[in-house]
Amino acid sequence: MNPLVSQTLSTAQTIIEMAATAAFALSGIIVGARKQLDVVGIAVVAFLAAFGGGTLRDVLLDRRPFFWVANSWYVWAVLALCVMAIVTLRRRHLTMTERAMQWPDACGLGLFAASGTQIALDAGMPGLIAVLMGVLTAVFGGVLRDIVCNEIPTAFRDHRPYAVCAFAGGAVVVAIERSIESPTFALAFGAVLATTLRALAIRFDWELPRWQAK
Amino acid sequence: MNPLVSQTLSTAQTIIEMAATAAFALSGIIVGARKQLDVVGIAVVAFLAAFGGGTLRDVLLDRRPFFWVANSWYVWAVLALCVMAIVTLRRRHLTMTERAMQWPDACGLGLFAASGTQIALDAGMPGLIAVLMGVLTAVFGGVLRDIVCNEIPTAFRDHRPYAVCAFAGGAVVVAIERSIESPTFALAFGAVLATTLRALAIRFDWELPRWQAK
Amino acid sequence: MNPLVSQTLSTAQTIIEMAATAAFALSGIIVGARKQLDVVGIAVVAFLAAFGGGTLRDVLLDRRPFFWVANSWYVWAVLALCVMAIVTLRRRHLTMTERAMQWPDACGLGLFAASGTQIALDAGMPGLIAVLMGVLTAVFGGVLRDIVCNEIPTAFRDHRPYAVCAFAGGAVVVAIERSIESPTFALAFGAVLATTLRALAIRFDWELPRWQAK
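Protein chains in written order, with the working numbering: chain S, 1267 to 1480; chain E, 1267 to 1480; chain H, 1267 to 1480.
Wrong hints could be hidden among the right ones.
Copies of one chain are not kept apart here, so a pair can be met inside one copy or by any two copies together.
[As the list claims (entries may be wrong)] List of simulated lysine to aspartate or glutamate pairs, EDC-like, C-alpha gap at most 20 Å:
| no. | residue 1 | residue 2 |
| --- | --- | --- |
| 1 | Lys1301 | Glu1364 |
| 2 | Lys1301 | Glu1473 |
| 3 | Lys1301 | Asp1328 |
| 4 | Lys1301 | Asp1388 |
Hints in this document: simulated from the structure, not taken from any laboratory.
For reference, chain S alone in the conformation it holds in the complex (with noise of 0.2 Å):
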């Protein structure tokens, strides 16, 4: 590939990494102010949207070290954003903050998916498992914050497209990986067409089918 490609695309994934890693940081901020956490729990909770995911699926790959100790500034970061959300978030700012935050949420969503299945992948996980991996990386930070709130996960109830979005992403990179052997390809095309689906099901609210053995 051009390396001038190759550079945008790599400074792309940076910074769509940084402002998803933030999203889901505020995420966890704003689910915990509502339940009137304390400054601590509040914290613990941020940090578990924001890294609750990716290191879930280290462990179970048995990767080392987690890519927040290998990038320590991250931990700086988030604690850094709660401070600053502290500092300046109001009450009547919270659901405004939470709608502004849904499309930074469904770029992470993508490409926390795209790269999750990549490196398991690299990791020499069969497909199936691959693409589990890359939905836990996604997904499995919003449910680890709403089990510590004492909440059924939001992404396993509120019957909008989200872990499936991340699994048609994983999809597809499996797909690309196995066919044209291209990984930049196959990361940018399935974060894409994750965040695309995420961002339709969004704008159009989508249901997934109900069931309730009824």
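Chain S is already provided as a structure; the job is to place chains E and H on it using the hints.
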């Protein structure tokens, strides 16, 4: 041991394992449906119930690959089971299904406790730790299922012996391996003992001695 | 360092460790009894409270064997403690026991935060990550206990400094190891600082600055 007997036992083990994994996954589907999760949530809870205990054991023992990675058709099977359940189950079937599942569940309790204990012994764990690993293998799938569904785990609360049966089976495995050193016999005897105890407990409604710090 | 002093410190550490583990286990027994768990559930919650934090730290650092595997008499001791509690405790004792446990709990908070930080530094973690591992060692036993009992963790919610004391102790350990390179002194000073802060917080009813996104 006679090769024919050993062959038969190993086939029996595989069949019980599949039936028990299906029973654990179905318990997750039923709990998820009762909590009105969406289809993704139901599938995740089914996975946690089916694979959670063995995965946690493997993380604690630092064993890789997980059994559902080495045999990824297990994951396909649970996915297929979820689809079948969603297509065929109706609300009025849930309680009936739950009752029918008690028996394969009891078989799984015995088999997973005994095999979990044996795996931990092979990894060089001391006897007591190995028994606890067996209990954890058999019980923690259900515990994770209930935590995600925002319930206090049934296994810790319903006063009927469940983990205790697994503990007894695991202890027998350790005792037999330490005395006559026959792994096959230890596995078979431990599994049968735990399953029998559990079946008796269900049949005669045994209760653990109560203590609520009166 | 004078060998006599070093010997005395190491004995003191062992005694504090045992007292603190007992205090953590008892906190699990009390929470479990209040939630009306059965005896198995109470024992599991006691184990989670006593060993959960250190085990999670060891999983994240990829250290094996766990301390309760290397010293499996710890498991016997917690089992014995559960039996003793069930035989001797009555409901009217619970609150009294809880208050009495605050002090060994504060000692454990300090010791586990300091030793957790040191273990992470020895494993080559950067300073901030090591401090977080210390906090996690001291705090996550209680967090897991509360999650299993379907509560929002006390440590995140009661506005009294707990994790913050552990953080201060861990930070001092890092500072001393980086400057004068005396592990024994770092451990002792960090543990004493965190314990003292926690004791003052209990005694004078300190509160964290409130933020509920007013």
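**Message:** At most 20 Å between alpha carbons: which applies to Lys1301 and Asp1328, within, between, both or neither?
**Reply:** neither (33 Å within a copy, 33 Å between copies)
**Message:** If the cut is 20 Å between Cα atoms, do Lys1301 and Glu1473 qualify within a copy, between copies, both or neither?
**Reply:** between (27 Å within a copy, 18 Å between copies)
**Homomeric proximity label, Lys1301 with Glu1364: Cα distance no greater than 20 Å** = Intra 15 Å, inter 25 Å, cutoff 20 Å: intra-copy only.
**Prompt:** Using 20 Å as the alpha-carbon threshold, which applies to Lys1301 and Asp1388: within, between, both, or neither?
**Reply:** Answer is neither; intra-copy 39 Å and inter-copy 37 Å both fail.
The structure does not agree with the numbered hints 3 and 4 stated previously, though it agrees with the rest.
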